[in-house]
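Here the protein sequences line up with chains D, C and B, keeping their order. So that you can map any letter, position 111 of the first sequence is 111 in our numbering, and since no number is skipped, the others follow by simple counting. So that you can map any letter, position 43 of the second sequence is 43 in our numbering, and since no number is skipped, the others follow by simple counting. So that you can map any letter, position 40 of the third sequence is 40 in our numbering, and since no number is skipped, the others follow by simple counting.
Fair warning: there could be bad hints in the mix.
Said to hold, decoys possible - In silico DSSO-like pairs for lysine-lysine, Cα to Cα no more than 30 Å straight-line:
#1 D/Lys21 to B/Lys423
#2 C/Lys90 to B/Lys430
#3 B/Lys77 to C/Lys13
#4 D/Lys132 to B/Lys430
#5 B/Lys22 to C/Lys227
#6 B/Lys467 to D/Lys3
#7 C/Lys78 to B/Lys264
#8 D/Lys239 to B/Lys467
#9 B/Lys102 to D/Lys182
#10 D/Lys103 to B/Lys402
#11 B/Lys442 to D/Lys189
#12 B/Lys464 to D/Lys21
#13 D/Lys103 to B/Lys385
#14 B/Lys264 to D/Lys21
#15 B/Lys22 to D/Lys196
#16 B/Lys463 to D/Lys226
#17 D/Lys103 to B/Lys430
#18 B/Lys22 to C/Lys14
#19 B/Lys77 to C/Lys10
#20 D/Lys239 to D/Lys164
#21 B/Lys455 to D/Lys226
As the list claims (entries may be wrong) - Residues of chain C clear of chain B, computed beta-carbon distances all greater than 12 Å:
#22 Lys42
#23 Val60
#24 Val75
#25 Ser99
Quick caveat, the hints were computed from the structure, so don't treat them as lab data. Bear in mind the structure is a predicted one, so any value in this text is a computation, not a measurement. Quick reminder that beta carbons are idealized off the backbone N, C-alpha and C, glycines included.
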Amino acid sequence: MMKVSLFITCLADVFYPQVGKSVVEVLRQYGVEVDFPMDQTCCGQPAFNSGYHAEAREAAKQLIQAFEQSERVVTPSGSCAAMVRHYYPELFKQDEAWLPRAKSLADKTYEFSEFMVQVLKVKLEDLYLPTKATYHQSCHMSRGLGVKEEPHLLLAQVQGLEVKELPYCNDCCGFGGTFAAKMSDISEKMVDEKVKHIESTGADVLIGSDLGCLMNIGGRLSRTGKPISVMHVAEVLAKGGVKK
Amino acid sequence: MVQQEAFLNKLAKKLGRERRTGVTPPQWNTQPYAGMYESKTKEERIELFIQNLNALNTEVDRIDPKDMGAVLEKVIQKFNIKSSVLWDDKRLHDLQIPSTFDAMGIDHLVWNSSIPEDTLRETAARVDLGVTYADMGLAETGSVVLFNGGGKGRPVSLLPPVYLCILSEDSIVPRLTQAMETIQQQLPQGLPACINFITGPSRTGDIEMDLALGVHGPGKVHVVLVK
Amino acid sequence: MSAHPLSFDQRVEKAIDDPILKKAVPFAQDRLRGGRNTAVEQLGNVEEWRERASAIRSHTIENLDSYLEQLANNVRKNGGHVHFAETAQDAVDVVTRIAREKNAKSIIKSKSMVSEEIHLNKHLEEMGIKVIESDLGEYIIQLANETPSHIIAPAIHKTRTEIAELFSEVAGRKLSEDTTELCQFARETLREEFLQADIGISGCNFAVAESGSVVLVSNEGNARLTTTLPKVHIAIMGMERLVPTWEELDVVVSMLTRSATGQKISVYVTAINSARQVEDLDGPEEFHLVILDNGRSDSLGTAYQEVLKCIRCSACLNVCPVYRHIGGHAYGGVYSGPIGAVLTPLLEGYDQWEELPYASSLCGACTEVCPVKIPLHDLLIEHRKDQVEAGRPPLSEKLAFKGFGFAASRPSVYDFAINMAHKGTGFMAKDGMITQGPGIVKGWTDVRDLPQPAKQSFRDWWKKEGKE
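Input sequences plus hints: build the corresponding full structure.
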């Protein structure tokens, strides 16, 4: 039996626990044994991106330790996975003791859809969710991790789910961590343009793989009173469990 | 020269090493453009050259040398040409272009040292058409390559509003790469003061991204490929 | 360097709701990036091209002293004059000295970002010399007394109505807003200037060390006129803008035009190898090459060395979502967009430009298209790191991240904080949403709702029931 440790990420832990539960549910459904190391905290990306690299290193060490015994690590965030895979080795490149440990975590960490498609190679069965949706491709997942097709490959297997192509899908939604708060006026224009494109698809649901983006876009949709809800890919797979 | 030494020494210091001199580039083992056009026949290269220029609003005639007169007639009509300036180039003389212009009553001037420079320049700025012979054509882009110098004056392909470029279809090479090789081969003898790669008419998008031709260089270009 | 009259926030505020920018910038971006995408797709192996272009540029920068020496020697061998300028003032001094020696009355320029960088026009005009920009976009903004808002399309922020007004003023008659008529007017007016100018000043897209050549890329032909008609030609180059040989030139030129406008090649690629030669009947009698450092060398040997690979194609501007919404002027410096946000603080320091590295969502679109693989968004993070290490950010931010580091390295503290999040925010939330937050959250809630932290965190759920 394949064993996986869930790296929940702060946003899912605090704001979207149902996404974490969905990941657990889906993984178990496909025969994966899931555990959750309680010592995990944050990957350190907020500090890293803001230039606080000493603090980012403290967080990174904690995460490395928490998952040291894990065979594989799966996380419902392309951004956090990119942080671990791409920037952890960078953060410790001068540190002989920690570099191999950082690389080891980097090598065994997967974003959820990436894991489902590339490692588990699942064929989804009996999924049905009659909804018109569109998919937001997050920047760190597509550019940082190079994972673009995997979510689409999963969603395409959900019967009844119509995924409309999102115009300007390569453009950032304006989240950018502290950018959204620090440069909120610029971020507002970015998220408004994203909302405009989402609306143009006629979708009722926006699906994504990064809760930062979904919190940003969802928050703007809510503020401007648009009746479009947001969902993580894992939620779609968990929810669409009943075939009619 | 002291200034140069100080300048370069500072760079070496910032780079954290001793001064270097005589460095040559590494041997690049692969070329990203290798194979792009290798499989193309001469005929395919010529077609590509023509296609590329057509896409840039530039007509290309492919002719037998004996039909040069007819093509000139066409160009003169098409662009309403009354006057011209030409390179003093054997290849143009061989095609009897100056004498054809004479016969057609086109006021023309050949760029050579028998004429005062001021007159050359004023003429180039005034006439309707400039005519040159290109040394190479590049299939990938539809570019013509001009090695200027002496009787091959740069203003000829630059100042008049219409530009006629003639070249041999044997001189169409796949792309920039072959032109660069040719230039490198000429290095020991020294390069001319100016080499031009010209690809279609002068253009700009500086007014609301709206394409306009001929803002500085010739807005109309015609190319003749001679068999 | 004089300070910008407006602060970064003021510049953004001015730009962000400007109705002209709102239309013009996304329109220009879409055209240019669309062209770029098509042009690189045609290559079929763009990653291989980028690798090569990057390797060429890295090798050149790593051996900059050697290649500059070779370039200078070859320019002199060809009869040209070489001037090494360490500072902007040094470069200005060289040019003004030549202008004085030649008793120049008028100077015609083709587009040069380096000359913008050293504010050359201002200095020449102070000497009573007439300076005319000949690139159509540069000419427009010169008439409007503005600065470029895009590296290759300097006047994208101007409407045809504004341009017609500017030109009409010069013409002394009313011109229509028709593009062809406006261009024809510019052609005739500038042609006169070209024929009269005493000196032509150009930039340098690439110099070629092995032959002492300066290569200029242009679509309008103004760079050709600038380097053909006046008796003296001065080329000003940033010291990093060279390649070893013509073989490398092939790759970088191919990448430049494709990345900039989506053209397989620009209309004109002009190599100036010397002043006019004995048998020539045209061309400048004198050629000067000014090689400018102006702070660039401070990036050598640091993480920022990568930025010297830049070939000024502006592909990063054309994909940048921040540039899309604020345009070029809000950046405040000569170079805008992601490359400007990285480069300007390097050339001119943090005191005036500390916000620029934060004007990015770190989406990485810039890095993805860069033809020479500069890790632009990583260098923005590097700038943030350097500012943190220099103690520049406000105390509140420092304390917040100290607290973050403390909690993130202590699971029990972190656990406690996570599990308190719902209760702690209860007073702010309504129907599960926070619409007005304090502190840093305020910036967020000014624009969008924030979901209230869930009643039960994931970790709490796992502990109690998730384990099965």
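To see whether the hints hold, each was checked on the structure:
For the suggested pair D/Lys21 and B/Lys423, the alpha carbons sit about 21 Å apart, so the restraint of at most 30 Å is met. The hinted pair formed by C/Lys90 and B/Lys430 fails the criterion: a straight-line CA distance of about 87 Å is larger than 30 Å. For a cut-off of 30 Å, the pair hint linking B/Lys77 to C/Lys13 stands: about 27 Å separates their Cα positions. Restraint check: the Cα-Cα separation between D/Lys132 and B/Lys430 comes to about 29 Å, which is no more than 30 Å; the hinted pair holds.
Using a Cα cut-off of 30 Å, the hinted pair B/Lys22 and C/Lys227 is violated, with the two alpha carbons roughly 53 Å apart. Proximity of B/Lys467 to D/Lys3 is assessed by CA-CA distance (about 14 Å); at most 30 Å being required, the pair is judged to hold. In summary, the hint linking C/Lys78 to B/Lys264 is supported, as the alpha carbons are separated by about 28 Å, within the 30 Å threshold. Only pairs whose Cα atoms come within 30 Å are accepted, and D/Lys239 paired with B/Lys467 is accepted, the gap being roughly 20 Å.
Between B/Lys102 and D/Lys182, the direct Cα distance comes to roughly 53 Å. Violation of the 30 Å bound is thereby established for this hinted pair. With a C-alpha separation of about 25 Å, the suggested pairing of D/Lys103 with B/Lys402 holds against the 30 Å cut-off. For the proposed pair B/Lys442 and D/Lys189, the alpha carbon gap of about 17 Å is at most 30 Å, so the pair holds. Straight-line distance between C-alpha atoms of B/Lys464 and D/Lys21 comes to about 13 Å, which keeps the hinted pair within the 30 Å bound.
For the given pair, D/Lys103 sits about 22 Å from B/Lys385 by alpha-carbon distance, which is consistent with the 30 Å threshold. The straight-line distance between the Cα atoms of B/Lys264 and D/Lys21 is roughly 51 Å, outside the 30 Å bound, and the hint therefore fails. Note on B/Lys22 and D/Lys196: the hinted pairing holds, with a Cα-Cα distance of about 15 Å set against a maximum of 30 Å. Proposed proximity of B/Lys463 and D/Lys226 is contradicted: the alpha carbons are some 36 Å apart, above 30 Å.
A distance of roughly 43 Å separates the Cα atoms of D/Lys103 and B/Lys430; the hinted pair therefore is violated under the 30 Å criterion. Between the alpha carbons of B/Lys22 and C/Lys14 the distance comes to roughly 43 Å, so the proposed pair goes past 30 Å and is violated. A distance of roughly 24 Å separates the Cα atoms of B/Lys77 and C/Lys10; the hinted pair therefore holds under the 30 Å criterion. Between D/Lys239 and D/Lys164 the alpha-carbon distance is near 19 Å, which keeps this suggested pair within the 30 Å criterion.
Between the alpha carbons of B/Lys455 and D/Lys226 the distance comes to roughly 25 Å, so the proposed pair stays at or under 30 Å and holds. No beta-carbon of chain B is positioned within 12 Å of the beta-carbon of C/Lys42; the least distance is around 20 Å. Consistency note on C/Val60: stated as away from chain B, and its beta-carbon is indeed over 12 Å from all of that chain's, at 16 Å minimum. With a least CB separation of 20 Å from chain B, C/Val75 remains clear of the 12 Å interface cut-off, as annotated.
For C/Ser99, the condition that its CB be more than 12 Å from all CB atoms of chain B holds, with the nearest at approximately 22 Å.
Hint check: violations occur at hints 2, 5, 9, 14, 16, 17 and 18; the rest are consistent with the structure.
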